[in-house]
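*Asks:* Quick note, the sequences are listed as chains A and B, same order. So for the first sequence, this note's numbering puts the first residue at 713; every next one is plus one. So for the second sequence, this note's numbering puts the first residue at 5; every next one is plus one.
Do not rely on the hints blindly, as some may be mistaken.
Restraint-style ranges between C-beta atoms, simulated for each label pair [as the list claims (entries may be wrong)]:
1. A:Ile-755 - B:Asn-499: 22 to 28 Å
2. B:Asn-556 - A:Ser-851: 48 to 54 Å
3. B:Lys-579 - A:Lys-856: 46 to 52 Å
4. B:Ser-109 - A:Ser-851: 28 to 34 Å
5. B:Lys-502 - A:His-921: 54 to 60 Å
6. B:Asn-499 - A:Val-728: 43 to 49 Å
7. A:Ile-755 - B:Thr-584: 53 to 59 Å
8. B:Val-465 - A:Arg-717: 24 to 30 Å
9. A:Ser-909 - B:Ala-318: 52 to 58 Å
10. B:Asp-354 - A:Lys-725: 43 to 49 Å
11. B:Ala-318 - A:Lys-951: 57 to 63 Å
12. A:Glu-802 - B:Lys-335: 23 to 29 Å
13. B:Ala-318 - A:Arg-717: 23 to 29 Å
14. B:Tyr-586 - A:Arg-828: 49 to 55 Å
By construction, these hints were calculated from the structure, which means they are not laboratory data. Glycine included, each C-beta is placed from N, C-alpha and C at the ideal position.
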Amino acid sequence: MTEFRVFRFDPEKDKVHCFGTYEVPWEKGMTVLEGLWYIIDNIDGSLAFRSSCRAAVCGSCAMHISGERWNGKYRLACNTLIEKLLANGEGTITISPLSHLPIYKDLVVDMTNFFRHYESIKPYLIPSQTPPQKEFIQSPKERKKIEQSIDCILCGACYGSCPVAGTNPDYLGPHSILKTLRFYNDTRDTAKKERLSLIGNNKGLFRCHSIFNCQICCPKDLDPAGAISQMKMKLIFQKIKGLMGLG
Amino acid sequence: MERNPDIRRDYVVKMLYKKYDVVVIGGGLAGLRAAIEAQSQGASVLIVSKLHPLRSHSGAAQGGVNAPLANNPDSKDDSPEKHCFDTIKGSDYLADQDAVEIMTSSASEIIYELEHWGCPFSRTDDGRIAQRPFGGAGFPRTCYGADKTGLYMLHTLYEQVIKHSIDVITDFMVTFLIVEDNTCYGLMGIDMAQGRLETIVARSVIVATGGAGRIYGKTSNALTSTALGMAIAYWAGVPLKDMEFIQFHPTGIISKHILMTEGCRGEGGHIVNKDSKRFMEKYASKLMELAPRDIVSRSIATEIEQGRGFVYPADGSGYVHLDMRHLGSAKIMERLPGVRDICLDFLGIDIIKEPVPIQPVQHYTMGGIDTDINGTTVVNGLYASGECACISVHGANRLGGNSLLETLVFGRRSGDAAAQYARAQRQKSYLPQSAINSLSKFYESHFRKIAQSSGKEKHIVLKKELQETMDRYVGIFRAGADLQIALDKVRTLKNRFKYLFAPATGLKFNCDITCHLELEAGIDVAEAIIVGALKREESRGSHSRRDFPNRNDTGFLKHTLCYYNPKGEIKVSYKPVTITKYQPEERKY
Ligand SMILES: Cc1cc2nc3c(=O)[nH]c(=O)nc-3n(C[C@H](O)[C@H](O)[C@H](O)COP(=O)(O)OP(=O)(O)OC[C@H]3O[C@@H](n4cnc5c(N)ncnc54)[C@H](O)[C@@H]3O)c2cc1C
Ligand code: FES
């Protein structure tokens, strides 16, 4: 048995949030997500959380999870094994929703702001010429440059973990900058300058205080913090080129 | 007594949303491709989806998408005709050949289009889209982006949706289509974020709600791949076609049933039994592990039945090994990093060093909402595409990599057809009074029932029983007696469903209510699967009857159509298969 302490809140009915506690029987290999479903199926069908693929690829189930053995972290409930959280097979697992976003109910947050920022960086390929008859040619070496950033599943763990996003709702967030890098580094894209200007401002690159939470928590082991420093370098480089009259 | 005050009738007809020319239900690959096309034809378009589009199950597709690009040195002689023939033979001749021809002749062009939109495919040394071998295909034809092809494709299409500013409503579960006089005028559903019932009015509606794998317990599908999307069309009078054809994928990991892509074998992985023997040489000596899925799954099941598998103690089921060690760590890290992570996360196994315990799992519904080659259904203004639809291009057995292709090709065609239809209706009023009346009727029959439910049955119990029944009696091998047991069981469940109790109140992300609706859909669609299977007294593709082991072209070279009948038994009829160039032959690999 383990005890799940789960954040409960319905803004229309409750003044403040509380934590519900539920006894969940578990076995080796069981995930936190399966524990949450156990609660819905057997204890309280009114608990709300998001999930879909249960294979760490759809990005639905990012939440803050802490146990006896691991410090709390924003991670995916579906690939977090209960056994890794508990010390001697017992103890409490505490679960809260992603931070900095309005709560619809319990663990379900309204991701509108998160996606609005992402959409504001023009997250689509802007190719130059009319496309070739077949595919654009891109060597394996050129593709390597986007290899990490294309794997982002936009789960929001980095955004939830970033204190700057908490105090500045206008901050574009680590995910938006990682996605900018994805297109900036794509040899088929031609909007480098525009992309830099979309994030080279107080809402973007200059808002980041290099706290690196995003790097620590990314469930896909990507490096949004690294992307931010890379983009900062590119911006500086472009400014210098501009000053020298080359840009 | 009204326990659920949010389920109020006045919400039903308020219609807070704008009216649209085309409303697409579902934000997976099929839905997004349809929406992009409809908008480019000048229609006003809305995508409504219970999940954010990027959470759709399309994103979990791993292995790749077929197109005869001939980029691989081994596929120089590939062509649309060969792709067409492989697909038809793979379908055990049940696919409609005109539909397959359309799919394979548009394949290359639609993949180039996706690449031009930015899809990050893996590359050959000379910078072209990389292609790998897949089951049942004569050439390496499957275009891939490592083992995350679906994720890359889904993000690429959603990026186009952003670029073209197409309206999207998420967290909206559609529960009912508004159909009056055989014409669709829109839909009704639960806005889960706002916690209320809502109506959306449209000139045409495209259902693109994906598969129904969760009718089964052992499935590779997402938790959200329930049958509700198929059911809303079925309830509205559109027949479900060929539902008995359920694909079992040979390689799902034990316990979690998460998929190991066919790409594992495409890259050279072996399947071995407990004696470490590559048994596929017995069953398909030429193609071995890369025979079509129905054949490989049956072979694994046979090995297990005959005692040459391992036993998984937790549930007593049998399994065999997928061995990729000989591929070496460089190839695995480059081509199969995603499945490696899955095995590490969920089984604690590193595929570089150890074989993976696998067993066949439910994977795909070849059947679905009956449509023609443009996604048109028998109801005016109602279209369907993607896994929920059956055109049919997969017939009795789908080849790996053809489903992603289908979502693009037929998503686009249905978007086009729906936009044309909407344009032709511009002069007419959106929603006749009679349709509003039928809405109220539905409200009475459905939501009041839930709101006032007072029975003792729990949805989880019924759902588990449904899944166990399907796993056990409607699996890889079937028999008349077993199917009859399953049918009786499902009909009992149907009856018990009336006494379901949903204790949680409100409509805001209320799992008690959404599970309730999805269960009802699951039971009805399961019934169609079983009835179709029972009546099809032959073995063809994925449908393998022990009591009728041979294919019977004289009796069953035809599509099954199941019609919903609220008052009693399902009505079944048949329609002919379209044959153009290829006469049915014996299927050997
Ligand atoms: C693990 C896995 C791997 C696969 N790999 C491959 C592969 O390599 N190659 C290949 O060709 N095929 C593959 N397939 C098959 C292929 O991925 C699917 O058939 C295809 O992606 C289905 O796309 P879709 O757009 O029809 O549905 P989905 O992507 O499932 O989208 C369904 C959409 O409908 C919405 N929806 C559903 N019901 C409702 C409702 N009632 N109200 C509102 N919205 C609703 C959902 O929110 C979702 O947005 C794979 C399948 C699985 C399960
Ligand atoms: S459920 Fe899809 S990422 Fe966890």
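*Asks:* Hint by hint, which ones does the structure fall short of?
*Replies:* 12
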